[in-house]
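J.: Listed below are the residues making up each chain.
Number of protein chains: 2
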Amino acid sequence: MEQRKIVLADSEIPRQWYNILADLPTPMSPPLHPGTGKPVGPEDLAPVFPMNLIEQEVSTERWIDIPEPVLEKYLLWRPSPLCRAINFEKLLDAPVKIYYKYEGASPAGSHKPNTAIPQAYYNKVFGIKRLSTETGAGQWGSALSMACAMFGLECRVFMVKISFEQKPYRRLMMATWGGECIASPSDRTQAGRNILAENPNSPGSLGIAISEAIEDAVGNKDSRYSLGSVLNHVLLHQTVIGLEAQKQFAQIGVYPDVVMGCAGGGSNFAGISLPYVRDKIHGKTVSVVAAEPTSCPTLTRGPYAYDFGDTAMTTPLLPMHTLGHGFVPEPIHAGGLRYHGMAPIVSHLVKEGLVEARAYDQIETFTAGIKWARSEGVIPAPETNHVIAAVVQEAERAKQEGKEKTILFNFSGHGIIDLAAYDSFLTGKLANHRLSDEEIAVALKAIENYPKP
Amino acid sequence: MEQRKIVLADSEIPRQWYNILADLPTPMSPPLHPGTGKPVGPEDLAPVFPMNLIEQEVSTERWIDIPEPVLEKYLLWRPSPLCRAINFEKLLDAPVKIYYKYEGASPAGSHKPNTAIPQAYYNKVFGIKRLSTETGAGQWGSALSMACAMFGLECRVFMVKISFEQKPYRRLMMATWGGECIASPSDRTQAGRNILAENPNSPGSLGIAISEAIEDAVGNKDSRYSLGSVLNHVLLHQTVIGLEAQKQFAQIGVYPDVVMGCAGGGSNFAGISLPYVRDKIHGKTVSVVAAEPTSCPTLTRGPYAYDFGDTAMTTPLLPMHTLGHGFVPEPIHAGGLRYHGMAPIVSHLVKEGLVEARAYDQIETFTAGIKWARSEGVIPAPETNHVIAAVVQEAERAKQEGKEKTILFNFSGHGIIDLAAYDSFLTGKLANHRLSDEEIAVALKAIENYPKP
Chain A
15 MEQRKIVLAD SEIPRQWYNI LADLPTPMSP PLHPGTGKPV GPEDLAPVFP MNLIEQEVST
75 ERWIDIPEPV LEKYLLWRPS PLCRAINFEK LLDAPVKIYY KYEGASPAGS HKPNTAIPQA
135 YYNKVFGIKR LSTETGAGQW GSALSMACAM FGLECRVFMV KISFEQKPYR RLMMATWGGE
195 CIASPSDRTQ AGRNILAENP NSPGSLGIAI SEAIEDAVGN KDSRYSLGSV LNHVLLHQTV
255 IGLEAQKQFA QIGVYPDVVM GCAGGGSNFA GISLPYVRDK IHGKTVSVVA AEPTSCPTLT
315 RGPYAYDFGD TAMTTPLLPM HTLGHGFVPE PIHAGGLRYH GMAPIVSHLV KEGLVEARAY
375 DQIETFTAGI KWARSEGVIP APETNHVIAA VVQEAERAKQ EGKEKTILFN FSGHGIIDLA
435 AYDSFLTGKL ANHRLSDEEI AVALKAIENY PKP
Chain B
15 MEQRKIVLAD SEIPRQWYNI LADLPTPMSP PLHPGTGKPV GPEDLAPVFP MNLIEQEVST
75 ERWIDIPEPV LEKYLLWRPS PLCRAINFEK LLDAPVKIYY KYEGASPAGS HKPNTAIPQA
135 YYNKVFGIKR LSTETGAGQW GSALSMACAM FGLECRVFMV KISFEQKPYR RLMMATWGGE
195 CIASPSDRTQ AGRNILAENP NSPGSLGIAI SEAIEDAVGN KDSRYSLGSV LNHVLLHQTV
255 IGLEAQKQFA QIGVYPDVVM GCAGGGSNFA GISLPYVRDK IHGKTVSVVA AEPTSCPTLT
315 RGPYAYDFGD TAMTTPLLPM HTLGHGFVPE PIHAGGLRYH GMAPIVSHLV KEGLVEARAY
375 DQIETFTAGI KWARSEGVIP APETNHVIAA VVQEAERAKQ EGKEKTILFN FSGHGIIDLA
435 AYDSFLTGKL ANHRLSDEEI AVALKAIENY PKP
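Here the protein sequences line up with chains A and B, keeping their order. Heads up: the first sequence at position 6 corresponds to 20 in my numbering, and the numbers run straight through without jumps. Heads up: the second sequence at position 111 corresponds to 125 in my numbering, and the numbers run straight through without jumps.
Worth flagging that the hints you see were computed from the coordinates, not collected in a lab. Nothing false has been slipped in among the hints.
Calculated lysine-lysine pairs in the DSS-like style (CA-CA distance at most 25 Å, straight line):
hint : chain 1 : residue 1 : chain 2 : residue 2
1    : A       : K104      : B       : K138
2    : A       : K443      : A       : K385
3    : B       : K143      : A       : K385
4    : B       : K294      : B       : K419
5    : B       : K417      : B       : K104
6    : B       : K385      : A       : K138
7    : A       : K261      : B       : K19
8    : A       : K52       : A       : K466
9    : A       : K111      : A       : K419
10   : A       : K385      : B       : K138
11   : B       : K413      : B       : K111
12   : A       : K417      : A       : K294
13   : A       : K104      : A       : K417
14   : A       : K138      : B       : K104
15   : A       : K104      : A       : K385
16   : B       : K261      : B       : K419
17   : B       : K365      : B       : K294
18   : B       : K261      : B       : K294
19   : B       : K143      : A       : K104
20   : A       : K365      : A       : K298
21   : B       : K365      : B       : K52
22   : B       : K413      : B       : K298
23   : A       : K294      : A       : K419
24   : B       : K413      : B       : K104
25   : B       : K19       : A       : K19
26   : B       : K419      : B       : K104
27   : A       : K143      : B       : K385
28   : A       : K111      : A       : K385
29   : B       : K419      : B       : K19
30   : A       : K143      : B       : K104
31   : A       : K417      : A       : K111
32   : B       : K261      : A       : K19
33   : B       : K365      : B       : K466
Derived CB-CB ranges, DEER-like:
hint : chain 1 : residue 1 : chain 2 : residue 2 : range
34   : A       : K261      : B       : T40       : 50 to 60 Å
35   : B       : I266      : A       : I266      : 18 to 28 Å
36   : A       : G267      : B       : V300      : 37 to 47 Å
37   : A       : V139      : B       : P39       : 54 to 64 Å
38   : B       : E418      : A       : R411      : 51 to 61 Å
39   : B       : R411      : A       : P214      : 48 to 58 Å
40   : A       : K104      : B       : H296      : 37 to 47 Å
These figures come from a predicted structure and were not determined experimentally. For each residue, glycine too, the CB sits at the ideal point set by N, CA and C.
With these hints in hand, go ahead and build the complete structure from the sequences.
T.: This is the structure:
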């Protein structure tokens, strides 16, 4: 009977997050104020985020202590198991060992609570009473609703209207945790009212929802805005995943050859990979691979450039791989990967050659996901199917090369609320959405005159 | 930082199930053939179940080895964590320590795979190619679909039509694992066609679905029927839960004062409690409590009597607490607790005074469930909310008595697919459904002339 899971005791949970800014071979370009073109300072961000999180955002300390009250909540489901996918290995019949961190074990079903909990905590100790955020498919809004319930904060989530209507379970999940979920555009904000005046039937977009959430937060001294990916402090919080994996592998004396994650905004990918990128910077041989959709190929086909983080152009200019802030990806089922940009840290690592990116077609990802569900049991989220497709490809390469490989990937979440997507796949209704060069060129027009990083 | 989870390594998983038939102080009454009134023999059951499972059903061996291929699948998520609900304890502010086994960690989200996997395995080694079953709310059909996928069996699930229509995610879950889910009544069986001829718009019932599944199975030498609760071998498989809990408690030197589970057919309750009932039989002081709905109060208000296991009267007569096979409970959201009878083993233990039963109103259970979700994170299944209500009551009693208590309960599953039920609760649409004595008397008329156990 082979070991399938390597577990850590509660007492072995990492006590610090890892901050890769301390180890980068070349410094990152700073975020710029769009008006002045100058780097933004902490005070520019103060109306939006609490100062303790802003300090984390710009910190270059290598290790940052995880506060005790955050650890206590993490222990509700962390350390997450490091699992070996023996059934899936047999199915692929390739010379690979496949390990994964199972982040679907969190109460919200994904890695998102890893940052929702510290964000709620830091806002709470800063004296904030209410958080506003946006959500696309709903994973982030759910996680933040739960975290706010645990720390006694109110939570207001602006959910893209079309998703609000298509995914009623997500809204109900937030309500169960006490979060208020509002279809965006709404009449709660000027931004929302402006859109509705133009088009009362607007289906909404992530850009509009961000604008509403920020406006809703900054107008009130007791409230702040919260973001579920992209930013440095969000990626920092997620490193608990990779740090746990390293402890778990140490138990069995294994070091992976390849570390993989799917990448939308970049947070789950960074969570598992940054501790390994650190090793790589210090000379270790390890491949680090980000898997993204061909319908939103930010890393594989977007330039590294300055761009806004949101469609409505309210954020600072961020240095990142981007398809242009006006780019609207096809409505693939992996809603969490439909983001025009990419976390500046991940973008920087790709530019530096420390991370490799690959893109996968939608049908390929669901084909991999169904194989996974029928052998390993858990039904993966559509986002997670992208990294599973990457694992399948990596296994095939190992077979062709006749080379043994140990693969580690981040299983970012389960797909129980995304079953309609599997239905579309099983009934032949899914399509691929590869972009033409022309489509990309058109999308990038919006940023052609921006400063270059 | 207090320990919140006691975990077992893969190598510590129990290698045997516990069979309480070896330890009962008084023997159980046998199932009877309804035609002859004589005890049924193994050969009577052979068209319905494979002989290796029939042998388990009647075995009085105390320990039964878990086959290696079953252990391998169990390890996908087992041993499940034994968790301490520190946040919920604080909320209740009573002198209790609350521990729970988290069975929602399975890929299907409940305890059901604990028996689905061995049932699929034993049928496979017996040479069976297809399993048929029925499902009400869908938990069992999902678990068996997954187990069949893992052992290369076909799976056909007859799902009560009204649930089939109300809970599309359940059907999609089965389809994702390759199970065929058919709305019952269907035109696939004579039983279904008879019902449809009478009423083409029949919403179906568990009784009809069982009849269809049995008919579908027994007509074919390559197929058998599978049941997710009630029977001895099903409860046997679930004892892995309680056996793990005992190992986990031994690690920290704790023995619970009270062991609790919700009870519908009886399998998750038996799973956690039978190893403790064994201790109790051998002199240990421990309370064992089954929590059921007031709308289907089998144990608390039904007599111990011989009755059919299904509405269509196709099964042997089983000795059990029952409300009569014709009793149709109100459509409460805890679909898994809407069963007119109760596992003969659990019924026998209640009769013997080894197990105590308590009933809870629907609104009380959801009130408890929401408190749980907002403090401990995981959203419980509506069935699980019943045992959480029992825990709340037990904590209040401990507070009144000023007595410290350690409570263990079985967290049978998460409620992510049941979010519509929480919506009903939060919007004030839920009702309680206590039965009058007259309603119970009417339901029991059906069995008044049956043999008595």
